[in-house]
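2 protein chains.
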Amino acid sequence: MKRIAIQGFEGSFHDITAHHYFQGEQIQMICCATFEEVFEQMKNDPTVIGLTAIENTIAGSLLHNYELLLQSGMTVVGEDKTHISHCLCCLPSQSIKDIKEVHSHPVALMQCRKYLSQHQNMKIIEADDTAGAAQWIAENQVTGVAAICHADAAKLYGLTILENNIEDNKHNYTRFLVLSDPRKADMLRPINETNKSSLVFSLPHEEGSLSQVLSILSFYTMQLTKIQSLPIIGREWEYMFYVDITYDNLVRYRQAVDAIIPLTRELKILGEYKAA
Amino acid sequence: MKRIAIQGFEGSFHDITAHHYFQGEQIQMICCATFEEVFEQMKNDPTVIGLTAIENTIAGSLLHNYELLLQSGMTVVGEDKTHISHCLCCLPSQSIKDIKEVHSHPVALMQCRKYLSQHQNMKIIEADDTAGAAQWIAENQVTGVAAICHADAAKLYGLTILENNIEDNKHNYTRFLVLSDPRKADMLRPINETNKSSLVFSLPHEEGSLSQVLSILSFYTMQLTKIQSLPIIGREWEYMFYVDITYDNLVRYRQAVDAIIPLTRELKILGEYKAA
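Protein sequence lines correspond, in order, to chains R and D. In terms of our numbering, the first sequence opens at residue 1 and continues consecutively. In terms of our numbering, the second sequence opens at residue 1 and continues consecutively.
Just chain R, same shape as in the assembly (with noise of 0.2 Å):
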């Protein structure tokens, strides 16, 4: 039995995508009200997994949970692409013209920006979480709201849908991230079965020092699938790059990460895994 924190609730893309995860092993979620919980949840319980979403392709990346996963110490052990589509849902008794107000995720209603700004008359409030609005509402019978969360959770609660697949790109899809405490990698993701990699670093300011690294990478055949510089906080201006690799040979991933490291500073490998 696999015990998996997520951030959410029931019926949450965290949980529809530990379920597609970890499709045919009996799992148990751990819903958390915020992702600082879920880190928290497995600090203090090694053999709990933690599952977040890391990068969406309309908002992108989740900053927050980067660095809330560089904080931690945590590895990646995995990860999963899930498509995103939203409904607006409510009480069976409510009809479009009786809403004045939406509840979500901010990164749902964000994605749902077109829809909303076409419905000014409704109020736009920030949720925990995109099914954990759609809960509130049925348990509390709450009248003049709804919900923007995926059609599963609004059948799971017995709400209506007034309108599905509201997302402003259909193209809309969320990467999440797989993750565990480091001494539990290797029973979770065999080492010779990983073929990608998480890795951050920052450097001098030198000019050319990020042409270097990445064309040691390339030498070495790393396939580069993502780079974002970010600004280290306190340090204005300066900036962090995350960079995601796929290699097709461990032991040359291994060198590159080797032949990296002395043209980079404080380099930390978030983990190796299986690409989704």
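Just so you know, not all the hints are guaranteed correct.
Pairs involving identical chains hold if they fit within one copy or between any two copies, as the list cannot separate such chains.
Said to hold, decoys possible - Okay, derived cross-link-like pairs now, DSSO-like style, lysine-lysine, Cα gap no bigger than 30 Å in a straight line: (1) LYS43 to LYS114; (2) LYS226 to LYS274; (3) LYS123 to LYS43; (4) LYS170 to LYS268.
No lab work stands behind these hints: they were computed from the structure.
Based on these hints, arrange chain D on the given structure of chain R.
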């Protein structure tokens, strides 16, 4: 008299930044409800200058504004950086115990995450603008509600500051871009005085293609100040790159761009300007 379109009200960070950037010049603000409207104003009247936030040391890039800029065909003619600090403010008749709701812009809410998590009883509600939330409370004499905005905006609207500097991180800076119709760019910043350029391009999925482009920029002594890979909407897990470079020789810079064009797809110069 320059007319500057901004998202937000009098007292907003856009307003504060516009007055700083155009210090000593006569300016007139065009306050817009959305970033879309800022670009609309510029499209309808080519003499209107735009000013929009593009990046924050805590929240990262404002991807939606990058997208609007790219679609609009406007060009960057300047940049400015503003230190962001937030206060919690309300009607003078209210005290902290009375506050049940906090209204502000989503980015400001995110920047005060720690403070807000210590006040779980306050419902978090998204508003279009920080100063707009303050104005709304003042004009409608709304009790039980506080706004998060700059202390100057609180004073402007006659609100009491319950707590100042509530942002999580004191090293909180936002970078703003000054935008204009390309036909007016030369009047706003003589090209010879520029030393910074923002580029966007996509790359074929070939090994090392990014490292080649960055190596060439480095050979031409271009200094990279920002890089971000972004999912191309509609083509999942293919990436576009936003890159900022600085230069001290305009001719060399132009040669560098010419040299990378054949290796990139859809390269576009978002603008050339003087670094802040």
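Hint check, failures only: none
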